[in-house]
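Trainee: Heads up: the protein sequence lines correspond to chains A and B, in order. Note that this note's numbering has the first sequence beginning at 1, numbered continuously upward. Note that this note's numbering has the second sequence beginning at 1, numbered continuously upward.
Wrong hints could be hidden among the right ones.
[Unchecked claim] Facing chain B, a subset of chain A residues (Cβ under 8 Å, in silico):
| id | residue |
| --- | --- |
| 1 | Pro379 |
| 2 | Ala380 |
| 3 | Ala398 |
It is worth saying that the hints were derived from the structure and are not from the lab. All values reported here derive from a predicted model rather than from experimental measurement. Just so you know, even glycine gets a beta-carbon here, dropped at the ideal spot from N, CA and C.
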Amino acid sequence: MANAPSIPVWKKLDAGPVPTTTRRHPVVVVGAGPVGLTVALDLARYGHPVVVLGKFDFIAAGSKAICFSKRTLDIWGRLGVARPMIDKGVIWNVGKVFWGDATEPVYQFDMLPVKNQQHPGFINLQQYYAEDLLLAALKECPGADIRFGHDVTGLRQQSGQVELDVASGGSAYTLAAEYVIACDGNKSRIRDLMRLDFDGRVFEENFLIADIKIEESRPLERWFWFDPPFNRGQSALLHKQPDNVWRLDFQLGWNVDRQACTDPAFVDPLVRGMLGPDIRYAPEWYSVYTFQCRRMKRFVHDRVIFAGDSAHLVSPFGARGCNGGVADADNLVWKLDLILRGEAPATLLETYNDEAITTADENILNSSRSTDFLTPKTPASRALRDAVLSLARHHPFARPFVNSGRLSTPVSYPQSPLVTADVPGETWAGVAPGSPALDAPLGSGWLLDRLGGRFVLLTNGYRGEWPPGVDLVDLADEGTGAALAIERFDLTPGAACLLRPDQYVAARWRRPTRGAIEAALSRARGLV
Amino acid sequence: MTDALKTEPNILRPDEVYARLVGLHEGLSDEESHRASAALVLLLANHIGDEAVIFAAIAAARRQLRPGT
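Assemble the whole structure, with the sequences as input and the hints as a guide.
Mentor: Next comes the structure, spelled out in structure tokens:
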């Protein structure tokens, strides 16, 4: 097994055996975190054999992602794993923002889930639960070959395939793949082996992440502090997780002694400063998290494709790290599926590069702006920040300026080459081309469940023909049970929209024709 | 770009308004003054609301110190 004494074990797994035969695999996923497991599960559900290489033979405990967005739940819903995540997770709605010594919040906001959708706005769930549930679903898939404790040590791209050298339990073997998906995290081995690096703005901040167990009950609220008395000049965050575990984040600044900051003697006054001198708690895990806001210049390198933290890094405020990585998986897999089936050209992957970079850049932009608000760099920017906070107490207009992290929302790609623009002269409300479908009640179930992972022509009574490779979902058949779905897509009688397998709108028409649908389908498959 | 921003005289009693602007800072420390100016900018920016006007004003304010940036 891989030797990792510094990483806490949540659940031991059986190390996969070293294979005795050599054959070429269509896809090898490197990394068994939430992103790698989502990629593998999605591929396996499309019927592709997939090998997953996990460096360690355990699911790690410790402080990692905890906040999963509605979009991530919609994606996991498509893969059949959202329900147990929500059942285990904590749903939260109220956020409070504190500033300085005041014990009353500067303001509070309601993060009420968007009404009439199957999934809540956010759940909090320890990453190891998410990984465990994804893994359980993956193990049910016949084509999944999961190898824990298999560490990649070498990589060569040649003659239409990728060769990986893999070490496991003292032996070594070589693996050939048509495609390698590198979901191996921030310190990606694949990125290093290919001598690639992150580009762009380097910004470093350190946070102490303290997960502690508290027996007494507290409100299920996200509390955020600017410049609190217990962490002067810095910020802090308090968030609930399942099992009475709370996530406490303390901003530390630059140039800190990382080891000293996880000493219980250092952490205890911070915990008591935040939660009161008499709080009774048990430490779960303390770590110092150093983040940067950066990304790779390209995510697609011939047959090696990067997704998640291996490709881009953001600050933790806004829950844009793991949710951004799951969005990568969602964007990538249907394209890879079509390519492996020979239904789309390999150049379709270039649109993964474009669309995933659009998402990463939006996440990095939001994350950088939050960081600038949290940590003003000049006296003038501090004056602006403090003016916003003091105005926010009495003037509602200032509250939208308060930036304690802009929570992850799905990114739209109106400019993507896969999108067909609206017919000139047609006016539309509703979900626009290049944006993800919005859920709505449908009969006794939900719209997104009906869409699944395929091309769908969603219509309100279109009676014409449509091309093969597209399934029809006709809301006119649903009677009054489809009213909200019709409204959310602005589908007047006879109108239709074409949805991609990742449930993004590719095109829409007031008066569709077979020819127009066929052209939009070709465009969405990268054939134009 | 500056079309959106009024730069012709638009205030009836300029001396009165100017005196009030100076008066805002009376008795304040430098740090408080900074924050008072920032608060005033935020209040006025919200009142104006129109992004084009706000961005033109920001550009005009910067240009008189650093032309061309």
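Trainee: Where does the structure disagree with the numbered hints, that is, which hint numbers, in rising order?
Mentor: none
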